[in-house]
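Chains as they are written, first to last, in our numbering: chain Z, 1 to 430; chain H, 1 to 430.
Hints are computed from structural coordinates only; laboratory data are not their basis.
Heads up, none of these hints are tricks.
Just so you know, same-sequence chains aren't split out, so a pair can sit in one copy or run between any two.
In silico lysine-lysine, BS3-like type, Cα no more than 30 Å apart, as pairs: (1) Lys160 x Lys103; (2) Lys115 x Lys104; (3) Lys145 x Lys57; (4) Lys369 x Lys324; (5) Lys57 x Lys160; (6) Lys108 x Lys160; (7) Lys239 x Lys33; (8) Lys198 x Lys108; (9) Lys198 x Lys119; (10) Lys119 x Lys103; (11) Lys57 x Lys209; (12) Lys198 x Lys104; (13) Lys277 x Lys347; (14) Lys261 x Lys134; (15) Lys33 x Lys229; (16) Lys119 x Lys239; (17) Lys134 x Lys198; (18) Lys57 x Lys33; (19) Lys369 x Lys108; (20) Lys347 x Lys381; (21) Lys145 x Lys160; (22) Lys225 x Lys119; (23) Lys277 x Lys369; (24) Lys239 x Lys209; (25) Lys90 x Lys198; (26) Lys115 x Lys209; (27) Lys134 x Lys225; (28) Lys134 x Lys369.
The chain contents come next:
Protein chains: 2
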Amino acid sequence: MKQLNIQLLMTGDELMTGDIVDSNSSMIAQYLKDLGLEVSRKVTVPDDLSMLSEEIKSLASQTDILIINGGLGPTVDDLTAQALALATDKMLEQHQDALSHLKKWCIKRDTALNKPNLKQTMLPEGCDIIANEKGSAVGFQVNFKNCTIYCTPGVPHELKTMMCQEILPQIAQRVPEGVSLNITRLQIFGIGESSIQKLIDDQLPDWPKEVELGFRAGLPLLEVKLTTKTAKALELKHKYLPRLYNLLGDHVLGTVDKRPKSLAEYVVEILTRNNQKITLAESCTGGMIASLLTQISGASNVFEAGFVTYSNNIKTQVLNVDEKTLIQHGAVSEQTVLAMAQGALAKTSADFVIAVSGIAGPEGGTQEKPVGSVWIAWGSKADIQRQYLIIPTPRVYFQNYVAAIGLDLIRRQLIQSTEVPNYIIERAMK
Amino acid sequence: MKQLNIQLLMTGDELMTGDIVDSNSSMIAQYLKDLGLEVSRKVTVPDDLSMLSEEIKSLASQTDILIINGGLGPTVDDLTAQALALATDKMLEQHQDALSHLKKWCIKRDTALNKPNLKQTMLPEGCDIIANEKGSAVGFQVNFKNCTIYCTPGVPHELKTMMCQEILPQIAQRVPEGVSLNITRLQIFGIGESSIQKLIDDQLPDWPKEVELGFRAGLPLLEVKLTTKTAKALELKHKYLPRLYNLLGDHVLGTVDKRPKSLAEYVVEILTRNNQKITLAESCTGGMIASLLTQISGASNVFEAGFVTYSNNIKTQVLNVDEKTLIQHGAVSEQTVLAMAQGALAKTSADFVIAVSGIAGPEGGTQEKPVGSVWIAWGSKADIQRQYLIIPTPRVYFQNYVAAIGLDLIRRQLIQSTEVPNYIIERAMK
Numbered sequence: 001m002k003q004l005n006i007q008l009l010m011t012g013d014e015l016m017t018g019d020i021v022d023s024n025s026s027m028i029a030q031y032l033k034d035l036g037l038e039v040s041r042k043v044t045v046p047d048d049l050s051m052l053s054e055e056i057k058s059l060a061s062q063t064d065i066l067i068i069n070g071g072l073g074p075t076v077d078d079l080t081a082q083a084l085a086l087a088t089d090k091m092l093e094q095h096q097d098a099l100s101h102l103k104k105w106c107i108k109r110d111t112a113l114n115k116p117n118l119k120q121t122m123l124p125e126g127c128d129i130i131a132n133e134k135g136s137a138v139g140f141q142v143n144f145k146n147c148t149i150y151c152t153p154g155v156p157h158e159l160k161t162m163m164c165q166e167i168l169p170q171i172a173q174r175v176p177e178g179v180s181l182n183i184t185r186l187q188i189f190g191i192g193e194s195s196i197q198k199l200i201d202d203q204l205p206d207w208p209k210e211v212e213l214g215f216r217a218g219l220p221l222l223e224v225k226l227t228t229k230t231a232k233a234l235e236l237k238h239k240y241l242p243r244l245y246n247l248l249g250d251h252v253l254g255t256v257d258k259r260p261k262s263l264a265e266y267v268v269e270i271l272t273r274n275n276q277k278i279t280l281a282e283s284c285t286g287g288m289i290a291s292l293l294t295q296i297s298g299a300s301n302v303f304e305a306g307f308v309t310y311s312n313n314i315k316t317q318v319l320n321v322d323e324k325t326l327i328q329h330g331a332v333s334e335q336t337v338l339a340m341a342q343g344a345l346a347k348t349s350a351d352f353v354i355a356v357s358g359i360a361g362p363e364g365g366t367q368e369k370p371v372g373s374v375w376i377a378w379g380s381k382a383d384i385q386r387q388y389l390i391i392p393t394p395r396v397y398f399q400n401y402v403a404a405i406g407l408d409l410i411r412r413q414l415i416q417s418t419e420v421p422n423y424i425i426e427r428a429m430k
Numbered sequence: 001m002k003q004l005n006i007q008l009l010m011t012g013d014e015l016m017t018g019d020i021v022d023s024n025s026s027m028i029a030q031y032l033k034d035l036g037l038e039v040s041r042k043v044t045v046p047d048d049l050s051m052l053s054e055e056i057k058s059l060a061s062q063t064d065i066l067i068i069n070g071g072l073g074p075t076v077d078d079l080t081a082q083a084l085a086l087a088t089d090k091m092l093e094q095h096q097d098a099l100s101h102l103k104k105w106c107i108k109r110d111t112a113l114n115k116p117n118l119k120q121t122m123l124p125e126g127c128d129i130i131a132n133e134k135g136s137a138v139g140f141q142v143n144f145k146n147c148t149i150y151c152t153p154g155v156p157h158e159l160k161t162m163m164c165q166e167i168l169p170q171i172a173q174r175v176p177e178g179v180s181l182n183i184t185r186l187q188i189f190g191i192g193e194s195s196i197q198k199l200i201d202d203q204l205p206d207w208p209k210e211v212e213l214g215f216r217a218g219l220p221l222l223e224v225k226l227t228t229k230t231a232k233a234l235e236l237k238h239k240y241l242p243r244l245y246n247l248l249g250d251h252v253l254g255t256v257d258k259r260p261k262s263l264a265e266y267v268v269e270i271l272t273r274n275n276q277k278i279t280l281a282e283s284c285t286g287g288m289i290a291s292l293l294t295q296i297s298g299a300s301n302v303f304e305a306g307f308v309t310y311s312n313n314i315k316t317q318v319l320n321v322d323e324k325t326l327i328q329h330g331a332v333s334e335q336t337v338l339a340m341a342q343g344a345l346a347k348t349s350a351d352f353v354i355a356v357s358g359i360a361g362p363e364g365g366t367q368e369k370p371v372g373s374v375w376i377a378w379g380s381k382a383d384i385q386r387q388y389l390i391i392p393t394p395r396v397y398f399q400n401y402v403a404a405i406g407l408d409l410i411r412r413q414l415i416q417s418t419e420v421p422n423y424i425i426e427r428a429m430k
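This is chain Z alone, in the form it adopts within the complex:
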């Protein structure tokens, strides 16, 4: 069975200059994966008419489906329609459906139709438009040679809606029967990539090569991916997956179903299930743990209050940390972080707490407590544990990683894990 070949063409100066990070291609790939499809190649080019049209011609001749993303906007650097016209030897003409879409769009938002917007209605003759209920630019598609070309907007939530409502249903109809790509992804924290590889080499030496192993060091979760491509390999996976679970224990947070979950999401889920609440006393993470938790829909069921106590004064005034403790042991100490945790619990009705105090840098390190030092306290009133770590990474990585460790430590306490995590960074976090 021939797998459908799908390639992406991402456009935009901002993708080439590094002004922006391309998250759209990830989104497209994730959706295609739900159909058991993979993107085989991705090319990114700047807003350059001749490069764009050459690339379209070249890609269209080697793939079944080409998804072009970006360049549908109202400004002069948006060139996709023009490039597609050039590549497929068509003229640009005003598309009536695109025009009526734009008119409706402006009425709905009570804005006037301006000239830059009108540019968005000039499309290659004969193309079909793809509805966009979220933005001013419609998408459009053409068949060229043996390739279906979809042109999609660069704005992520417009792209998302267009993919889900229009493009994926079309592609789904073309998925050949019998393709049995099967992927299982484990989300992991507290053990590193080469340690896992070594565990497998040592303890599961007969790991079948048909069950392909992949690793991804993520932000900050690690992912282990098991891919099989035949029914027989899938059987083997069903046999070996439980062994892998056994090997990795509570380092495994869960498997990816439709989308990866964040550590915060796992913590919110457990707390919700237990009908328990958490509070936070953050110094070096400066509100990041609170922000991670409250990004999860439903966080309000498990989180009422967080305290960002950045200065010593505020640690005393807001969390009742004894001034003497701060003077005697310093802000980054077991005693202070314990007092912060107790203070936050006392101020709220939360069952659990995470408190962190560390030196995010680049300033503020000393011989005894270098940049990257951090004390973490976590637990319940009855059982507050403490740990000291040194994580010598740049400021924002440090904050991200400390936030993740805090969440992971409370996760392990919530599931009453007895396994010992190893937060040494083998491959540092992205």
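Starting from the structure of chain Z, add chain H where the hints point.
For chain H alone, kept in the frame of chain Z given last:
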């Protein structure tokens, strides 16, 4: 003068499947830009040996410099060395410099050299290694046909160090004299892309086309980029840039020097200059504003405390918001957000405050206050202003955008701006 042609080959299943967003190519491009160089094309392929080696062969034949990123790790899916050997028709052999690097690396970290790691020493014969002081994998480079191929690690801070210390100095020596690519980038907030285009069309109709305009809707700042490629065009830019500044006024935060700044960074800079402090009372943003501020090095000079008051109880207990206010007007109201701001100022010695209360969704909306509603209060004890907005975007975008608006409103107050921002989203934020 011929511009140096530079292309990127990004490798990794995780980049194809959407499991990870590629920020490395942005980093590389940003560094090259400092040398006046642009990446002309970027190709991304999965961990597939034959695709990788074919792509290397094809790219090497059409570019002066090829930077390959990823696939240097210890695990089975790391294939770059093997693919490069195949593409350039070389054998893999143990590289003595790579081995001694790895041994030193393990001693420094007090870990044993394991077998997966040893794989990282097997490199194409005749290649030169590129030092990596941050990680276990060395980089390596070869000249193949007329192309210099650099193989670099996927871990961002390792890549960063290798680029700065080894690769960029090499490339800098090859920059042809007389290339005069000149780019100015304005960071903007409070006015949308098509409004800017229209302002220019209407008020600067003679804008010279040699001064190329580019737009980027960022997270959440908008960037307007002016590119010139000749000395004459640069002169024109010097003439038109002040007019553009004049047109855009305080919507312009600044120009990008080496790297884009965040809104929080602009706010921290102004407060530092003024020797003033800020505090926060966050409900719907859940600590995000605090986290954005404290991601900036030096934030401790201007920020001592933030309060994440997610529930009504905590708003009363921690910030002294009158219970009656909450009952009478609700948590998302002018009265509540004003009381939150006053409460935070009273609890700290800060000069300024941002307070936000809104409905991030997807739950919690009502007819009167739909999902996306938010009240923001900002200012000093003497002058607290309030604004109501409805921003109908998904939860995390909403939080990001509200955080940005809060920071921008305080920025405008700090610089005593009289211009009125327009926070309607023309192209929604990424």
